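Visitor: Spelled out from the first residue to the last, the chains are:
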Amino acid sequence: MLQIKPILAALRRHKAGTILIALQIALTLAIVCNALFIIGQRLERVRRPTGMVETDLMAIQSRFVGTEENKTSPLIKADLQALRQLPGVQDVVSLNSYPLRGGGWSTGVRTDVDAKNSKAHTTQYFGDEHTLGTMGLHLLEGRNFRADEIMQADPQALPDSAAIIVSKALADKLYPEGHALGKPVYIGDSKSPSTIVGIVERLGVPWNGTWTDSFYENSLIQPVQLVSSFTNYLIRAKPGQLADVLKAAPAALVKVNRMRVIPSERGVRTFAQVREYAYKGDRGMAILMGVVCLVLLAITAAGIVGLTSFWVGQRRKQIGVRRALGATQRDILGYFLTENLLIGVAGVAIGALLAIGMNLWLVTQFEMARLSLAYVLVGVVALLLLGQGAVLAPAMRASRVPPVEATRSV
Amino acid sequence: MFAYYLQLGLRSLRKNPLLTVLMVLTIGCGVAASMTTYSVFRATSNNPIPQKSSVLYVPQIDNWGPDSNEDNKGEPPNAMTYTDAINLMRDKRARRQTALYPTAVSIVPADPAMLPFRETSYGWYADAFPMFDIPFLYGHGWTAGDDDAHAAVAVIAKALNDKLFDGANSVGRNINLNGRDYRIVGVADAWNPEPVFYDVINTNGFDDPIQVFIPFTRAVELQTATNGNNNCNHDAGKGWDAWIRSECVWLGFWAELPTKSEADAYRQYLNGYAAEQQRSGRFRWAPNTRLRNVVEWLDYQKVVPQEAKVSLMVSLGFLLICLVNTVGLLLAKFMRRSPEIGVRRALGAKRKEIYIQFLIEAAAIGLAGGLVGLLLTGLGVMGVSLVFEPDIAKLATLDLSLVLLTMLVAIAATVLAAFYPTWRAAQVQPAWQLKSN
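Protein chains in written order, with the working numbering: chain W, 1 to 410; chain H, 1 to 437.
Hints were generated in silico from the structure; no laboratory data involved. Since the structure is predicted, the reported quantities are computational estimates derived from the model, not experimental observations. Among the hints, erroneous ones may be present.
Unchecked claim - What follows is a set of in silico ranges between Cβ atoms, one per label pair, in the way DEER data are often shown:
#1 H:Gly281 <-> W:Glu265: 46 to 56 Å
#2 H:Glu296 <-> W:Arg13: 48 to 58 Å
#3 W:Val363 <-> H:Pro135: 40 to 50 Å
#4 W:Ser192 <-> H:Asn169: 50 to 60 Å
Glycine included, every Cβ here is placed at the ideal spot set by N, Cα and C.
One chain only, chain W, in its complex shape:
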């Protein structure tokens, strides 16, 4: 049924066109595979959970002006009190940072006081007993902080924390055999142990750069209220009242104490806005690559349509002769589809190699991950289908060439 031999013979007479289509399919496959891969990676990051219940959550950044750093403790207390009194507010906490904020603290931690090197890298959150409730973290084991455990501390003179709460990822890293609850952790250079009193299911770090991928879920919370002019208030609104709190909360803060700066840009945000800002680059890159893929596929399809139409035009007479000799319309259609498939297969074979080569180069240049073969497979199928689709219209036209064409102008 397949007429591969005559097709190959015909292609040999159209070397340039054949090579051009194959080359175009190959290059398109190489770029589309890598672009799809980039999209996949970015979307995976964008979908990462923080471990918090992100609805009804908002954040305010505030910095006191004209008060010495070490005298801000009562100011923060007054702020917290004012915020808690707002009708729509369910819970509030003052933190050094929160997931996806962009800046925060990190440190190495050990499980052995004499160990020279840290066993894991983690972010440090400093907050009081309202932290878990406000963030909406899921406590797997152990307990929350008690109010009497909370210390007031200068960020430059941090006391050792007797009790800490860690994320499950950090607990598993430090104690792979399990049972981390109640075990000691040595934070930074500290010689005195902090005991794990609680383990939460998940808590992300404040950053989202690729450099944090290795410790994205390693977090610990220390029962410390930092005494500093700079603080972040994380506020959980009662269900459905976020919009009201978003307006009322900053106004309440200014009313309590106007000698403060709440940045006009990103000073007051819902957590949805925090998340959108944090992943803006990733989402944008995915969109950009998506557009590139679509336009590329369209251009390749257009190229195939253009060249095949030209070939059909050139071969009208031969088609007429074949039809006159008894070939059916289906035979002609099949001929052009098969021809395209042959070129397509050659193209994707080269393209698959190019795609992998391009990815290897990107890996060395930009610390990207290795391309998974699934993407190449999807790309191969997509391009072969695209080729068949693009060739359909010119091939249909070819199949409609009447046998009488054979008799015209010899």
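Starting from the known structure of chain W, fit chain H onto it as the hints suggest.
Guide: What follows is chain H alone, placed relative to chain W:
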């Protein structure tokens, strides 16, 4: 003759509108994608201070030792300790030099109706103003004497001067920073180097221009916290004094070394300094120092975002595919006109004339593709903020040089793509064509 060929070309383009539109769109898309990503790449790889980029240097001193910089391939920390910065300032081995850091400073307006607000603010030395070629609208920078006296003086930028003083000459008036008064000695005119080479570590290279400058010595005396990064390899101890004596790195440092011999001498001095620290027992490793100029520093700090490079690469690949496509379409188009070529050749046209005719036709397609590309580049540049941070996105603009480059690339690429199809067209045998038609 040119006009005639152009006429022929346009007529042929009209004869096959679909193919023509396809080619024009293909070229337009390819060029627009490349130019859009290039606009970002150009902005981020810009030399922010070309007249001085080879004489301004960042010294680095390894105060952490081989244990701590394993991850960093043996490179010293990116910032400096207070101890080293002050020692280097005291030794004064460079023509001009400054330590600097972004200060956490809020402005308290005299008008009680206005709420306090923050602006980008840096603490540095008097040398920095002439060193970075900062232009002045009113007054001038402070003096080295002010540095020594920890004077409460400030330089503000034009934008802040407009906001606080309605653009009037504010020299001699006071500005309240963090609740304390500073006497304004100068108003700097617009100064906005991009990337912000002076503090790549804390800004990744892109930030709003500085609005407030205060003496470094004053900022430290008042224990003004840094608004930037602070990196420690060990616990700094408790309190401000312990922190500034610690091995924590948080300061930027710049030295102006106008000649190569001065730069070499400074390198030696840095090594000598590190050796002295080794002898005194502070460093337990051999001197490990670096001295990089602006260009080397921006390159080392990878200021050009990875996104900018990857997307430029992808779009160059995109342009290549568009060209391959154009080669195919042009081939189809030109070969379809074999009979016409045969007639022209039979009537005495030389191969060269066929070449010229078809290349001009291709150039016309390139021109049209360039115009479409320009339109799409305009859209693309507007969409840059989708992918890049606002600080970077605002730098990508469609200026005259980009417009010219877009047109040039479009035409050059199309003519290049037309070479093979044109060669094929010129090979047409007149006799053959005449016979079969």
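Visitor: Against each hint, give a clear statement of whether it holds in the structure.
Guide: Going through the hints against the structure:
At about 47 Å, the CB distance of Gly281 of chain H to Glu265 of chain W agrees with the hint of 46 to 56 Å. Taken as a hint, the range 48 to 58 Å holds for the pair Glu296 of chain H and Arg13 of chain W, whose Cβ atoms sit roughly 57 Å apart. Range check, Val363 of chain W to Pro135 of chain H: Cβ separation about 45 Å, and the 40 to 50 Å hint holds. The hinted window of 50 to 60 Å between Ser192 of chain W and Asn169 of chain H holds, with their beta carbons roughly 59 Å apart.
In this structure, every one of the numbered hints holds.
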